[in-house]
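Chemist: Listed here are the chains, written in short residue letters.
There are 2 protein chains.
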Amino acid sequence: MTDLLFVNASQVVTCAGPARARKGAEMRDIGILTGAAVAVSEGRVAVIGAERHVAPAYEGATRIDCKGRVLMPGLVDSHTHAVFGRPRFEEHELRAEGHDYMEIAKRGGGIHSSVRDFHSRSAEDLLALSTARVATLASYGTTTLEIKSGYGLSLEDELKALRVVDRLRQASPLRIVATWLGAHEIPLERRASEATRAEHMGDLISTILPAVAGQGIATFADVFCEPGVFTIDETRRILEASRRAGLGLKLHADELATSGGAELAASLGAASADHLAAVSDAGVAALAASDTVATLLPGTMLFLGKSRQAPARALIDGGAAVALATDYNPGTSPTVNFPLMLTLGVSQLRMTVAEVVNAATVNGAAALGLAGETGQIAPGFAADLALFDIGDIRELPYWYGAKLCVGSWRAGRPCHPYEPELS
Amino acid sequence: MTDLLFVNASQVVTCAGPARARKGAEMRDIGILTGAAVAVSEGRVAVIGAERHVAPAYEGATRIDCKGRVLMPGLVDSHTHAVFGRPRFEEHELRAEGHDYMEIAKRGGGIHSSVRDFHSRSAEDLLALSTARVATLASYGTTTLEIKSGYGLSLEDELKALRVVDRLRQASPLRIVATWLGAHEIPLERRASEATRAEHMGDLISTILPAVAGQGIATFADVFCEPGVFTIDETRRILEASRRAGLGLKLHADELATSGGAELAASLGAASADHLAAVSDAGVAALAASDTVATLLPGTMLFLGKSRQAPARALIDGGAAVALATDYNPGTSPTVNFPLMLTLGVSQLRMTVAEVVNAATVNGAAALGLAGETGQIAPGFAADLALFDIGDIRELPYWYGAKLCVGSWRAGRPCHPYEPELS
Chain A
1 MTDLLFVNAS QVVTCAGPAR ARKGAEMRDI GILTGAAVAV SEGRVAVIGA ERHVAPAYEG
61 ATRIDCKGRV LMPGLVDSHT HAVFGRPRFE EHELRAEGHD YMEIAKRGGG IHSSVRDFHS
121 RSAEDLLALS TARVATLASY GTTTLEIKSG YGLSLEDELK ALRVVDRLRQ ASPLRIVATW
181 LGAHEIPLER RASEATRAEH MGDLISTILP AVAGQGIATF ADVFCEPGVF TIDETRRILE
241 ASRRAGLGLK LHADELATSG GAELAASLGA ASADHLAAVS DAGVAALAAS DTVATLLPGT
301 MLFLGKSRQA PARALIDGGA AVALATDYNP GTSPTVNFPL MLTLGVSQLR MTVAEVVNAA
361 TVNGAAALGL AGETGQIAPG FAADLALFDI GDIRELPYWY GAKLCVGSWR AGRPCHPYEP
421 ELS
Chain E
1001 MTDLLFVNAS QVVTCAGPAR ARKGAEMRDI GILTGAAVAV SEGRVAVIGA ERHVAPAYEG
1061 ATRIDCKGRV LMPGLVDSHT HAVFGRPRFE EHELRAEGHD YMEIAKRGGG IHSSVRDFHS
1121 RSAEDLLALS TARVATLASY GTTTLEIKSG YGLSLEDELK ALRVVDRLRQ ASPLRIVATW
1181 LGAHEIPLER RASEATRAEH MGDLISTILP AVAGQGIATF ADVFCEPGVF TIDETRRILE
1241 ASRRAGLGLK LHADELATSG GAELAASLGA ASADHLAAVS DAGVAALAAS DTVATLLPGT
1301 MLFLGKSRQA PARALIDGGA AVALATDYNP GTSPTVNFPL MLTLGVSQLR MTVAEVVNAA
1361 TVNGAAALGL AGETGQIAPG FAADLALFDI GDIRELPYWY GAKLCVGSWR AGRPCHPYEP
1421 ELS
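Respectively, the protein sequence lines represent chains A and E. Under my numbering, the first sequence has 129 at position 129, and the numbering climbs by one with no breaks. Just so we're on the same page, my numbering is the position in the second sequence counted from 1, plus 1000.
You can take every hint at face value.
Partner residues are not named here, just some residues of chain A that face chain E (Cβ under 10 angstroms, in silico):
(1) Ser139
(2) Gly299
(3) Asn337
(4) Arg350
(5) Ile390
Some chain A residues flagged as far from chain E (calculated, every beta-carbon gap over 12 angstroms):
(6) Val7
(7) Glu103
(8) Pro210
Since the hints were derived computationally from the structure, they do not count as laboratory data. All residues carry an ideal CB built from backbone N, CA and C; glycine is no exception.
The task is simple: from the sequences and hints, build the whole structure.
Modeler: Printed below as a string of structure tokens:
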């Protein structure tokens, strides 16, 4: 594998520091270097320094001219549902007309329509759709992508989902992390009574989880903990069993209503608690006192037309680690534009530029248990890099809605190919 | 000029109808055709119909294969400040930290820093910057672009601005409409007293306006009518003089505070009243009873972190004509992604998909006095077209933040070149 030498970046944003999430005031530092070159060897960052010092040792390296642009860690999108079939565009307008998420779900629309659609598709079909979508996500700067199952629900279809994610993981130029979200929703046919609901809980814990864990195709387990879906007690049972089965833990917590999900995530030592638009003060305090990353998904609230956003300032000022992610999914956040989430971080969540950059890199990596591998440009870390067509990192959230990524690399291999001569 | 024949669109969204704005319930109809071909001759739409009926008469035409995508009128962005120098990205974070627009302006930042920067740049420099930015705007689907002056303020620099817009108009593949916004702000050196302020009003009306009108380089006049900037009375005086000088009228109205700008726009018969986040019920009623287009700029409120948006539903339900635009400018809305405004229209303003499409095409055209020329795909109209990489028009606002335009044409000539083989 050829060495690489990145030169002529206007800024190299390193996010360098300890191999863990940045908490609270630590999020204000991103390590901006000017005049720095980055040498990559065997897919890892080898040296960062002034070009005249670095270049002599890398004469045989492929020289990549950044042409005055900003080089930074590839973006880490730590919360997506990127394997799905049909986009649910008709619901966007239904919501504008006043039908809310729970109402659409109760009618058998919403997630249930994605589940029916998912059941009807072959793994090959889903793989083809997902491969194209993942390439599009990469073209906006993402190099690490978490993907959850959860449109399968049944044993057979959850395994289908995770096998598709696994094939993506093997074939895609991106770094892909699989999460089993079998507890995304109760199947319609089992919502009828407490007995069938209990039966489903039994299947999740005693049948589906062991099968998923046994096949080694998921790194994390996640539960949609929300009134009307999984209760706090059910969530705890599923996650404790998942932990015993060797999976890391994540949690959809306090998205639409306050239910104590954040506190549960912290008490379980989950890698992340996600959404949090309705988190309580106690939940904020619990996360701040823990190593659980608070993963905020402001695009979802924007797209759903909610005026409320998660209390990012309270979380950071309280000392928590905050990550940002797209929540890319066909119902509530069909966006491929991760940098737009950084705009929302600044404009809507009142985060600083450094905070949103850490939230999309090192803290996203920590939310995936990858804080020692990706999310920063530092010696020994994977050469997961993104190049943006801007001269100052503050322009990344600023030019909102634009497609600014002109190239990216995962472990030194092209992810979204960079063609300096064309751009 | 070769004839063109567009075939194999999944949908042709025509927006066809009378050559005027769609008001109220009329906005719900956009005329979606399936299986339709569009023939273009001499830069104008000649025929729309089933391919087998249209094709025989256009055997010599260049055949454009839409490959199952959606063909629609090119987007009409009727409110931008696209000729500027330095981007003001540092203010984004300042606002996140609690400094508001008026506060930044009073410190000599905000628009005044754009004015100082504008004064320091040559016309050549501004033309080069603007040419690249306009091409980027085109790459998201815009084929008609209004551009305002207003960072010059002085006679010399306002003429410089409008001459740059005029050169863009002549050289750019887009349809460009120039608006004189000399009354964008009071120059700092003239804010000191009522006397110097009156002096500036005199200059605007007796010196700058006649020079602008005399050179024939502006179609519209616009005023930033807002407490602390131009009062209602000052705005009326400037616009009445502008009308006498032969210019069409526009108005920045009720953006941050309610001042009666909407009522003034309606009473003057302005082509549009723009912003309107703080419009009163009386203002809504006045617009609904008039032919003035209510131009809403939801990206600005999003970017500024305001929770309030203009009352689109009240305007449409009351019978007004609503347009959407980007407000592309370096301080409060640096977005090139017009389709993202359609997302905000549905998600934040509770408009239907048909309403946002009309708002971005035929009603944008009406806001520029071009309702008989562009904004619809109908025989005799200019062949201003945009092709989006979606199969259903509802996907345009749905895939929020994505760059979906794969080609556009203005009067039948490539605007954002389409390369079917590459896409």
